[in-house]
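S.K.: Counting in the numbering used here, the sequence shown runs from 6 upward without gaps.
If you're looking for bench data, these hints aren't it; they were derived computationally from the structure. Everything hinted at is true.
In the EDC-like style, the derived pairs of lysine to aspartate or glutamate whose C-alpha atoms are separated by at most 20 Å in a straight line are:
id : residue 1 : residue 2
1  : K43       : E12
2  : K43       : D53
3  : K43       : E17
4  : K11       : D53
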Amino acid sequence: VSPVRKEIISTEITKMLNEGIIEPCNSPYAAPITLQPKKDGSLRFCVDFRELNAVTVRDVYPIPRIDD
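Full structure from sequences and hints, please.
M.R.: Okay, structure coming up:
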């Protein structure tokens, strides 16, 4: 990761921690962070959950729908 992108990621994580959007955790699971370009040239902070979703065990008893 370039120093510029690393600073953007660090700033965004600090901002989300301060706003209570995310919290520190110690988990064996993680998802990679990516910065994707927006149409205006700025970067969008994204989390790629595809690999984590692939190993997530689905709920055997899903929440019933209101019309069930």
